[in-house]
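Colleague: Dock chain B with the ligands against chain A, hints included.
Number of protein chains: 2
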Amino acid sequence: MGAILLMLPIASKDGHSVGILNAFFTATSAVCVTGLVVVDTGTHWTVFGKTVIILLIQIGGLGFMTMATFFALLFGKRITLRERLIMQEALNQFNISGIVRLTKYVLIATFAIEGMGAILLAFRFVPRYGWATGIGFSIFHAVSAFCNAGFDLIGNFRSLTLFVDDILINVVICGLIIMGGLGFTVIVEVMNKRKFSRYTLHTKLVLCITAVLLVVGFLVVLVLEFNNPDTLGNLTFKGKILGAMFHSVTPRTAGFNSLPTDKLSMATIFFTIILMFIGGSSGSTAGGVKITTAGVMVLHISSIIKGKDDTEAFGRRIPRDIISRSLAVIGIAMCLIILVTMILSITEPSQDFLSIFFEATSAFATVGLSVGITPTLSGVGKVIISLTMFAGRVGPFTIALALAKQQQKKKGLVKYPQERVIVG
Amino acid sequence: MGAILLMLPIASKDGHSVGILNAFFTATSAVCVTGLVVVDTGTHWTVFGKTVIILLIQIGGLGFMTMATFFALLFGKRITLRERLIMQEALNQFNISGIVRLTKYVLIATFAIEGMGAILLAFRFVPRYGWATGIGFSIFHAVSAFCNAGFDLIGNFRSLTLFVDDILINVVICGLIIMGGLGFTVIVEVMNKRKFSRYTLHTKLVLCITAVLLVVGFLVVLVLEFNNPDTLGNLTFKGKILGAMFHSVTPRTAGFNSLPTDKLSMATIFFTIILMFIGGSSGSTAGGVKITTAGVMVLHISSIIKGKDDTEAFGRRIPRDIISRSLAVIGIAMCLIILVTMILSITEPSQDFLSIFFEATSAFATVGLSVGITPTLSGVGKVIISLTMFAGRVGPFTIALALAKQQQKKKGLVKYPQERVIVG
Ligand SMILES: [K+]
Ligand SMILES: [K+]
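Chains A and B, in that order, give the protein sequences. Here the first sequence stands for residues 1 to 424, numbered as in my numbering. Here the second sequence stands for residues 1 to 424, numbered as in my numbering.
Since the hints were made in silico from the structure, they are not lab data. Quantities reported herein were computed from a predicted structural model and do not represent experimental measurements. Take these hints with a grain of salt, some might be off.
As the list claims (entries may be wrong) - Facing chain A, from chain B, some residues (calculated, C-beta under 10 Å): (1) 218; (2) 222; (3) 224; (4) 266; (5) 267; (6) 271; (7) 297; (8) 305; (9) 327; (10) 334; (11) 338; (12) 345; (13) 346; (14) 349; (15) 352; (16) 353.
Stated by the list, open to error - Restraint ranges, calculated between C-beta atoms of paired labels, are given here: (17) A:350 to B:298: 31 to 37 Å; (18) A:167 to B:227: 54 to 60 Å; (19) A:234 to B:230: 38 to 44 Å; (20) A:230 to B:133: 52 to 58 Å; (21) B:274 to A:215: 31 to 37 Å; (22) A:372 to B:274: 24 to 30 Å; (23) A:190 to B:315: 37 to 43 Å.
Virtual Cβ for every residue (Gly too), placed ideally from N, Cα, C.
Same shape as in the complex, but just chain A:
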């Protein structure tokens, strides 16, 4: 549907249709809030085209957030009474029976946050671009940031590189991205409870891991790029701090960039791939395997190494089925990225391996950062990346859902005898 609208000649500035493949790619990228683009959003599309894109982003983002929040509640309902109570407590402002109310709540909160972001951004965009364009830009970028879509209108694939040392824009956009990446259950809980110790384990994990990733990401990017003349090297100290901060926030699904991605050092690009793979929080617009998934796996492996039977965090045990689910999601995600990277390295033989690996991870985690190879992909490559974005959007989530369902059915099968094998 979105693809059809974008194919109309009135969507493109030059009055010609972009063709089905590019329209399909852009629509998929918008609905999946990925942000990879084959044509430059700012210069190619008319106001009509841009409106279609931002609506697709808003629908995709909201739909996904609502669904994710709803299923988070549903997961809570499925399980034991004790756990259900914890879940409901976390979400006590929702009446479980009222999906409508939930949706309304998500809608209001989303528009409130996006509106606030847009007003703040307008302070910068209106003086620069005039009233009409300035307000349009403010709304577009606030929505794009909160939905973690990463589409921008600045033009010529520059994303936010012009504003690398602008405090207001950096702080507002980072704030929107982080909030969008926390997920509603977490936002609601933080707004309703004062004390950290009273949060649910989920919220505690999300907040802690987010903080750790932001601080570590900031430091790593700052150190690796400090003297790179193409990125942080020639900036003022303020610019360096802001640039490193922004680059530690954006891989966790946003897809904006204030530093030129293709000029980053090899080590930073590789590090960014890892951050993108981890992604944001469950129940948000973020992609990737999700920070709780990665966190549970790290806790589990370290508990194995310490020889503990249970995986613990904040004085709570993490149930076995959650650990299994994390492992399945991570395993499948890795297989998918490896497969896509392999296929792309056959279809795009002229590209650099790191660029392909980056592109595949970016598409899977619906991040939308690119070292610049997206527009030059072959037809097959574009289809593969579209499918990857889609799989990355619905995939891990569906797997988690399917696994949660299965776990309901008790099985009364014969148990085979155990037998050991030698591993490692």
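Modeller: Just chain B with the ligands now, with coordinates in the frame of chain A:
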């Protein structure tokens, strides 16, 4: 010790010492049976140097095989009586109390297999290089192949590329590599029992996974490289089959190559990285995370996806602690390779990412294949690769051992209450 001998001027043909760093690197590579080289083995070293190297390989290979087999038995002893019986049954020709007998057995079998390989290779090498050199070459390559060391004497970093369509050499070397990569417990069991159904689960898994990896690897390499004029493209059909076969065997720790590694397509190199990561069988000279480890993880993840409580193979359940151990080994291995790749991409900025990733995996899995960057590494890079080879050699094994020990100590800690988190 080996490094000191190799530093002596009489070890190098030009009469000058190679310097401590290169001698240290070569000695580490030999003892760890890795096969990465900074100077060309065939042309640089004198007969004295080559003898030192092959002795280091034999000692490293034998020592590791004996230790690995011994600890495999020890693992068998630690656990329940039932499992111990299965283990002992598998190894019934050993008397558990007699480590000396075990060592003797390993020694005799090793020399018998290597001797047979050397005799077969001599049919090709003696006519080509004359009696003295030919016999030397046959022994060197037979030992190097069975120990999965991958050192060669052909010269100019060509490894076995000259013999890409030679049936005898391909079959003998592949046979030695595969046998060396199966591990003694498996070889002994196959020799002593007629029926597949009576093998232990470990042997069944090792044989099946090996077969699957060989067939899949053969087909993938054949398809990807069929028309690559630098590799299989210009060979006869026989050469294509043999070349693909050899390249599917060698990443599983041998490190010889009959195709020019740096000319392989990007997809094949990436595929080779995955094969190298998986490696060979536990209790052999092979490196990598081991095929049983990878196999257990794949079975476990697929059982999670199917919603089964237990991980089963061949009508046996795989115990939880084995699964945990596999997960820990794979997790740690990935972290290590990521870390090394990251460090190398800082210290070697002029290299291609794929080459660095390949080199790091090759060192970790003690494979010794290289796309040719080893000799041009910086000093820091060489030290890092040496340490990686060492960690890859003793690391996963030590981890598995440490975990097996811990599992002995029962813990009587307080159990925290469970709490669910949302993952995926
Ligand atoms: K995005
Ligand atoms: K090797």
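Colleague: When the nearest CB of chain A is found for residue 271 (chain B), is that gap smaller than 10 Å?
Modeller: holds, 7 Å
Colleague: Can the hint on residue 338 (chain B) be confirmed by a CB-to-CB distance to chain A that is less than 10 Å?
Modeller: holds, 7 Å
Colleague: Within 31 to 37 Å or not, the Cβ separation of residue 350 (chain A) and residue 298 (chain B)?
Modeller: Given about 33 Å between the Cβ atoms, the range holds.
Colleague: Under 10 Å, Cβ to Cβ, is where residue 224 (chain B) needs to be relative to chain A, so tell me if that hint holds or is violated.
Modeller: holds, 7 Å
Colleague: Is the gap between the beta carbons of residue 372 (chain A) and residue 274 (chain B) within 24 to 30 Å?
Modeller: Given range 24 to 30 Å: holds, Cβ gap about 27 Å.
Colleague: Could you check if residue 334 (chain B) really has its C-beta closer than 10 Å to a C-beta on chain A?
Modeller: holds, 9 Å
Colleague: Given a cut of 10 Å on the nearest C-beta pair, is the interface hint for residue 218 (chain B) held or broken against chain A?
Modeller: violated, 17 Å
Colleague: Against chain A, with CB atoms and a cut of 10 Å, does the hint on residue 353 (chain B) hold up?
Modeller: This hint holds: residue 353 (chain B) lies near chain A, its Cβ roughly 4 Å from the closest one there, short of 10 Å.
Colleague: Just to be sure I understand the hint, the distance between the Cβ atoms of residue 230 (chain A) and residue 133 (chain B) should be within 52 to 58 Å; is that true here?
Modeller: holds, 53 Å
Colleague: Per the CB criterion, is residue 352 (chain B) less than 10 Å away from chain A?
Modeller: holds, 7 Å
Colleague: Taking the closest Cβ pair, is residue 297 (chain B) under 10 Å from chain A?
Modeller: Hint holds; residue 297 (chain B) Cβ to chain A Cβ min 7 Å, cut 10 Å.
Colleague: With chain A as the partner, please determine if residue 345 (chain B) meets the hint condition of a C-beta pair closer than 10 Å.
Modeller: Because about 4 Å separates residue 345 (chain B) from the closest Cβ in chain A, which is inside the 10 Å limit, the hint holds.
Checked against the numbered hints above, the structure breaks hints 1, 2, 23 and satisfies the rest.
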